[in-house]
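Participant: The lines below spell out each chain.
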Amino acid sequence: MVVEVSTSPKINEKLVVRDLSIRFGDKVALRNVNLEVAENEIFGIIGPAGSGKTSFLRAISRMDPFTPNMRIEGEILFDGRDTSKLRNLYAYRRRIGVVFPLPVGLPLSVYQNVAFSPKLRGIRKKSQLDEIVERCLRRAALWDEVKDRLHALGSLLSGGQQQRLTIARALAQDPEILLLDEFSIAVDPVTTMRIEDVLKELREEMTIVLVTNLVQQARRLADRTAFFLTGEMVEVGKTSELFEGQVADKRTQEYIEGRFG
Amino acid sequence: MFEATNRNRWARRNQSLIGALLGFMTFVLILPVLIILGVLVVEGGPAISWEFLFSEPTQGMTAGGVFPALVGTIWLVVVALLASVPLGVAAAIYLSEYASDNWLTRFINLAIINLAGVPSIVHALFGVGAFVLFFNFGTSILAASLTLAVMTLPVVIVATRESLQAVPQAFREACWSMGATRWQTIRKVVLPNSISGILTGVILEVSRTAGETAPIMFTGAAFFLPFLPQGVLDQTMAMSLHLFVISTQVPGVPEHLPYGVALVLIGMVLSMNAISIAFRMYLRGKKKW
Numbered sequence: 019m020v021v022e023v024s025t026s027p028k029i030n031e032k033l034v035v036r037d038l039s040i041r042f043g044d045k046v047a048l049r050n051v052n053l054e055v056a057e058n059e060i061f062g063i064i065g066p067a068g069s070g071k072t073s074f075l076r077a078i079s080r081m082d083p084f085t086p087n088m089r090i091e092g093e094i095l096f097d098g099r100d101t102s103k104l105r106n107l108y109a110y111r112r113r114i115g116v117v118f119p120l121p122v123g124l125p126l127s128v129y130q131n132v133a134f135s136p137k138l139r140g141i142r143k144k145s146q147l148d149e150i151v152e153r154c155l156r157r158a159a160l161w162d163e164v165k166d167r168l169h170a171l172g173s174l175l176s177g178g179q180q181q182r183l184t185i186a187r188a189l190a191q192d193p194e195i196l197l198l199d200e201f202s203i204a205v206d207p208v209t210t211m212r213i214e215d216v217l218k219e220l221r222e223e224m225t226i227v228l229v230t231n232l233v234q235q236a237r238r239l240a241d242r243t244a245f246f247l248t249g250e251m252v253e254v255g256k257t258s259e260l261f262e263g264q265v266a267d268k269r270t271q272e273y274i275e276g277r278f279g
Numbered sequence: 003m004f005e006a007t008n009r010n011r012w013a014r015r016n017q018s019l020i021g022a023l024l025g026f027m028t029f030v031l032i033l034p035v036l037i038i039l040g041v042l043v044v045e046g047g048p049a050i051s052w053e054f055l056f057s058e059p060t061q062g063m064t065a066g067g068v069f070p071a072l073v074g075t076i077w078l079v080v081v082a083l084l085a086s087v088p089l090g091v092a093a094a095i096y097l098s099e100y101a102s103d104n105w106l107t108r109f110i111n112l113a114i115i116n117l118a119g120v121p122s123i124v125h126a127l128f129g130v131g132a133f134v135l136f137f138n139f140g141t142s143i144l145a146a147s148l149t150l151a152v153m154t155l156p157v158v159i160v161a162t163r164e165s166l167q168a169v170p171q172a173f174r175e176a177c178w179s180m181g182a183t184r185w186q187t188i189r190k191v192v193l194p195n196s197i198s199g200i201l202t203g204v205i206l207e208v209s210r211t212a213g214e215t216a217p218i219m220f221t222g223a224a225f226f227l228p229f230l231p232q233g234v235l236d237q238t239m240a241m242s243l244h245l246f247v248i249s250t251q252v253p254g255v256p257e258h259l260p261y262g263v264a265l266v267l268i269g270m271v272l273s274m275n276a277i278s279i280a281f282r283m284y285l286r287g288k289k290k291w
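Chain order of the listed sequences is C and G. Heads up, the first sequence is in our numbering, so the first residue is 19 and it goes up one at a time. Heads up, the second sequence is in our numbering, so the first residue is 3 and it goes up one at a time.
If you are wondering where the hints come from, they were derived from the structure by calculation, not from laboratory data. One thing to keep in mind: the hints can contain errors.
As the list claims (entries may be wrong) - The following residues of chain C were derived to be distant from chain G, with all beta-carbon distances above 12 Å:
#1 102
#2 144
#3 146
#4 165
To be verified - Residues from chain G that keep clear of chain C, each with C-beta distances beyond 10 Å, as calculated:
#5 5
#6 14
#7 60
#8 65
#9 157
#10 179
#11 182
#12 213
Stated by the list, open to error - SDA-like mimics (lysine to any residue), calculated; alpha carbons at most 20 Å apart, straight line:
#13 G:190 - C:241
#14 C:137 - C:91
#15 C:45 - C:91
#16 C:137 - G:193
#17 C:144 - G:88
#18 G:190 - C:147
#19 G:190 - C:58
#20 G:190 - G:170
#21 C:165 - C:152
#22 C:256 - C:45
#23 C:137 - G:174
#24 C:256 - C:241
#25 G:190 - C:108
Given the structure is predicted, the values throughout are model-derived calculations rather than measurements. Even for Gly, the Cβ is constructed at its ideal location relative to N, Cα and C.
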């Protein structure tokens with residue numbers, strides 16, 4: 019076994035992924051991925067459809083018990099703890115916020131959407147919930163648009179508003195990691211930019227893994243970027259370097275330049 | 003530019019022909035319902051009065067009212083519901099939300115479909131064997147209602163499962179990803195959004211239960227019993243069996259009487275269906291996505 023010697027000073031690693039493979043029945047979705055995500059960085063993942071990006075996020079958030087036939091091999095360390103040995107996965111998932119590609123406003127009021135996870139944690143006091151709801155909606159740049167209709171249905175907001183609602187909902191979990199899965203796929207460009215600004219601010223407080231179908235979005239936001247292709251991680255590197263052509267694999271460059279995918 | 007070709011004209015003529023044909027078929031379909039209702043109202047209408055509804059049969063069931071049978075049917079339906087709804091809804095939640103797709107759940111699903119296909123007379127004999135004799139409930143409301151409950155369980159299970167599965171999977175995923183357990187997800191998001199479908203299934207079951215004859219005739223419904231039942235271990239009269247009896251088993255019944263009984267029975271069923279439809283419309287209006 020080769021011992022890797024890290025040249026950069028040791029940063030605090032939030033997530034360490036070792037030899038991760040993901041299978042759905044006989045189908046392999048991801049093979050032998052090794053990477054680290056540092057605390058308070060935005061870690062971008064780019065790659066065409068079917069490259070295993072979403073499966074990777076499902077593995078990080080340990081959604082495998084809810085997914086038929088999904089099997090995770092290898093290690094995922096969260097703060098150095100092996101997530102395959104966690105006894106309380108529910109508590110673990112509460113520390114990870116997830117934003118899905120299509121906005122999923124739960125069929126509850128705007129207020130109840132955001133208060134959902136604090137309530138799961140056992141917070142019952144109205145004043146405390148009010149405070150969390152307002153703070154998270156403000157962080158997600160949605161407060162001004164919905165403050166007068168907090169008790170209207172979340173699922174009746176526009177697509178862009180719903181996506182910010184799901185971000186507010188994830189923030190109400192007080193997460194240590196925020197996983198975003200192609201959040202801008204159903205959102206207009208203006209809202210996309212607003213959410214990107216939000217993410218830049220959130221970096222101060224949490225670690226963000228950003229799966230994106232937009233190569234330029236990774237360039238704008240991510241500190242480091244990994245390129246996934248058909249179930250394998252082709253390479254991972256500093257975003258600035260990848261986009262300046264310092265790539266180890268020709269396919270990365272071709273994808274970044276839009277020549278395939 | 004927009005002139006019709008021969009092919010367009012042919013397609014258009016064909017289309018209206020098919021529309022007319024399908025409409026006619028639909029009309030043929032509702033014809034029996036209209037005729038039944040019409041005949042019942044015309045023939046049985048004169049028999050209906052408050053006295054008919056609220057007095058017992060007299061003179062060897064050739065006169066008087068239907069009160070004991072009316073009350074008996076309500077007893078049977080309510081007790082059957084108390085048994086089948088908790089059981090059926092629980093089974094449906096398990097099958098839809100918890101069970102993984104393996105040979106066992108596939109077998110259970112198959113069993114439920116088959117249970118729905120068992121003829122009611124077979125259910126009746128099962129009820130005699132299981133509830134009347136084995137559990138020793140005797141011929142009683144309890145035995146008859148449990149037989150009805152077994153018979154209608156598939157309806158409750160299938161209706162409940164379908165309305166649970168109509169709730170988008172994305173809602174569940176979103177809840178789970180926030181650390182909610184399966185049950186928290188079901189209670190807070192899935193059930194509130196499927197309750198209208200579940201209730202519809204339940205009320206559908208009610209209307210079916212009220213009209214069944216075979217499953218109750220050996221298990222708890224009496225030929226003639228001029229008293230009201232005092233508890234679930236008593237026998238009772240029932241509208242459906244009463245109709246059968248006065249139509250075929252008792253000589254000298256005036257002609258309007260069976261029609262009147264049938265009209266009351268069908269009135270019960272239709273009004274329950276109407277309530278169900280109104281309720282569903284009300285809940286649909288509140289639907290949240």
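Participant: Compare the structure with each hint and give your call.
Facilitator: Here is what the structure says about each hint:
1. 102: Correct as stated: the minimum Cβ-Cβ distance to chain G is 18 Å, above 12 Å.
2. 144: 18 Å, holds
3. 146: 18 Å, holds
4. 165: With a cut-off of 12 Å, residue 165 (chain C) remains clear of chain G, as the shortest Cβ separation is near 21 Å.
5. 5: 42 Å, holds
6. 14: 39 Å, holds
7. 60: 56 Å, holds
8. 65: Given that every Cβ of chain C is farther than 10 Å from that of residue 65 (chain G), nearest at about 57 Å, it holds.
9. 157: 26 Å, holds
10. 179: 4 Å, violated
11. 182: Non-interface label on residue 182 (chain G) violated, nearest chain C Cβ at 6 Å vs cutoff 10 Å.
12. 213: Residue 213 (chain G) clear of chain C: closest Cβ-Cβ about 36 Å, beyond 10 Å.
13. G:190 - C:241: 38 Å, violated
14. C:137 - C:91: 33 Å, violated
15. C:45 - C:91: 13 Å, holds
16. C:137 - G:193: 18 Å, holds
17. C:144 - G:88: Not satisfied, since the Cα-Cα distance of roughly 34 Å exceeds 20 Å.
18. G:190 - C:147: Given pair residue 190 (chain G), residue 147 (chain C) holds - Cα atoms ~17 Å apart, limit 20 Å.
19. G:190 - C:58: Violated, at roughly 33 Å.
20. G:190 - G:170: The given pair, whose Cα atoms are some 14 Å apart, holds under the 20 Å limit.
21. C:165 - C:152: Within the cut-off at roughly 8 Å; holds.
22. C:256 - C:45: 31 Å, violated
23. C:137 - G:174: 17 Å, holds
24. C:256 - C:241: 6 Å, holds
25. G:190 - C:108: The given pair, whose Cα atoms are some 16 Å apart, holds under the 20 Å limit.
Consistency note: the structure conflicts with the earlier hints numbered 10, 11, 13, 14, 17, 19 and 22.
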